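As you go down the protein sequences, you meet chains Y and Z in turn.
Here the first sequence is numbered in the numbering used here, starting from 1 and rising by one per residue.
Here the second sequence is numbered in the numbering used here, starting from 228 and rising by one per residue.
In case anyone wonders, no lab produced these hints; they're calculated from the structure.
This structure is a prediction, so every number in the text was calculated from the model and none was measured.
One or more hints might be untrue.
Label pairs and their calculated CB-CB ranges [what the hints assert, rightly or not]:
1. Y:Leu179 / Z:Glu355: 26 to 34 angstroms
2. Y:Leu28 / Z:Glu455: 55 to 63 angstroms
3. Z:Pro262 / Y:Leu161: 24 to 32 angstroms
4. Z:Glu455 / Y:Ile205: 36 to 44 angstroms
5. Y:Val143 / Z:Arg396: 48 to 56 angstroms
6. Y:Asp180 / Z:His417: 33 to 41 angstroms
7. Y:Leu76 / Z:Arg407: 52 to 60 angstroms
8. Z:Asp334 / Y:Ala31: 55 to 63 angstroms
9. Z:Asn356 / Y:Ile205: 15 to 23 angstroms
Now the stretches of chain Z that chain Y is said to cover, found in silico as 3 or more residues with beta-carbon under 8 angstroms [unchecked claim]:
10. 312-320
11. 448-455
Every residue, glycine too, gets a C-beta built ideally from N, C-alpha and C.
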Amino acid sequence: MKGMLQYVHGTTVLHRLPPLCKLGLAVLLSALCFATGNLLLLALLIGGSVALGALAGIGKQTLRTLLGLCKFSSILFLLQVFFISEGRVLLALPLGLAVTVEGIVFSARLCLRLIGATLPLTVMLAVTRLPDLTRALERTLRVPYRYAFALSTAIRFIPILARDFSAVVEAQTARGVELDGNLLRRVRLLLPLCVPLLVSSVRRIESAALSAELRGFHLRAQRREFR
Amino acid sequence: MIRMQNAGFAYDGRTVLRGLNLHIRPGEFVAVAGPNGAGKTSFAKLLNGLNRPTEGEVFVDGLDTRRARVSALSRSVGFLFQNPDRQLCRTTVREELLFGLRLHVRDEAEAARRLERALADFALDPEENPLTAARAERQRIALASVVALGPRLLVLDEPTTGLSHAECRRTMEIVRRLHREGTTVVLISHDMELILRYAERMLVLAGGTLRADGAPHDVLRRADVLAEAALLPPEIVQVASALGEPFAGLDTDAALAQALIEARASAAG
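So that you can see chain Z by itself, here it is in the shape it has in the complex:
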């Protein structure tokens, strides 16, 4: 789905990203983490052609992003911006969803079918005004307008910023469902718990380079990477690590609680 070969990106004479070599296969759920200014958003924009690599090459769904138009890439790459207000431009949810569909889908019946499906999937009121909806609702409408286009790759730039725990979970469950249906997901996030819970693979960017690439529960135990990228692992990982073996490898509340109960029982027995 995504192939980067020695890719780099410079802006206003400043190198933001350099020496990126990676391959993301179709259907993967990849999270990208790193400190502020690490180049996470620049990385995300390399995937839909808004940023074109200034060195090396980036291929997305077989298209060379140095040459492909952003509109051509938008057929396979859905991009959710951190601020939904930049995406929303219509006065009803129906019109908002149709805005993108009319650009991508020539068949009116097909556009209507996709619209109805998105409205149902995201439980949206078609007559609601997206511009006056609550923050979480606006984020959901923006995501629905992206998903309605049926992208094979979904790039989410900090999709849960400003959302409550419940809203965050609701949004991420939608993303999880899309991933299970075969969509490749690239999630940019600061939230390590979110990454641990949803992603299959984790990339860590720091200083414009790729510092780690692996399963989240492995990456989040690498002290050198965490220190370099100023990342704090989720509390459950910290507690499990502090307890040492045999708990150190556990990364969910349930697994740790179960292991502690078993350990106590065996100690008592």
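Just chain Y, same shape as in the assembly:
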């Protein structure tokens, strides 16, 4: 998921749209995914997000994100599908588990909703500069500066976290950790790796907060409240 949630420079129509229009469109597409349970419509909404990505000249990146989301969703699908026992049984399994038609439809809907709600937001963030979004939230929607800043900082941290996690995985692989094999084994090996990631994130956030404070962040937040 390299490059996910990072701005990609461009001059397309989507790039030129006001930030709040893009945010509104993304939220609308996401909301539609929760408003409908129709699998075909959900698939069409995902297709629409991919088309928007292509229109913005980030088709490949959008497909990469879609692939990443599909991988994640497939795990979710497998976890869901075996634990729903209502409906017509297609495959009976030991320990009272079963694969049912209802289970498959429910799991597919859940996964398509997850993908359909996430994808437009990633496209929106790839065609919107974060400072523009922060400014729009602050000036047009009257979101207090500190909250707009916190939101944009949190978004900015996601690709950094992803990069840090890759580096941690790389470091542990170099020590002999084999991150392949079955899912349980992988989860067992990956869990301790979250510790250095968490520690470095806390350190990074702490220094970012201190740095903002030292550059007068509090003054700006205060002035804004007085207006």
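Once you've looked at the hints, dock chain Z against the given chain Y.
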């Protein structure tokens, strides 16, 4: 120990390293220097399979890194990352060291023996939390966790970044001792004084190619290489060169001071 034949590495369609031909023998202490973006870290990662050559071939301890798994290479290659926080993942030093040992050593008694030796060698408190230790301490714990595995090749990526002079010296003395015990060392560093003091051989990378390969005191006198790789020789080398013959070849404070005293005495006599 390491053999590269026309090795190159490209990433995201960008050539980072190309045309590398070199042979590093077991027991050598090799330093790799070069400007930022020269491909030093990419070079280091070619040695443990984290980067696989996109052209040519790289053999490490007889293993072809294009095919060998990183975990297989980790049996003979110990890699210390520039940022120790990426390596440390346990809440006590003992657990941290055992984390790698359990992956590599099947015999519990042998793992315990290696653990005790590493704790003693690096003067570490087994119950200390590595995640809250000071920067130099974290670097030492990370190095101990690598050394405990008994690698034949130790690759150190900027191991002294952020350390004080004393901490840097302490870390490098440990590395020197390991080298004397037979470990092959590849040190990536920006610090020319460090290279001059510890390394036997120096490679200079610039623009993704190997620009120089030789003894540090020779390489650090090649003006063309230094200019190309934007490297500044240590002050002692600059002073000795400025003094000209017979001082130009001297590269330690003691040797230069001795030569100056002798020159003054002979001039007075």
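| request: Identify every previously stated hint that the structure contradicts and give their numbers, smallest first. | output: 11
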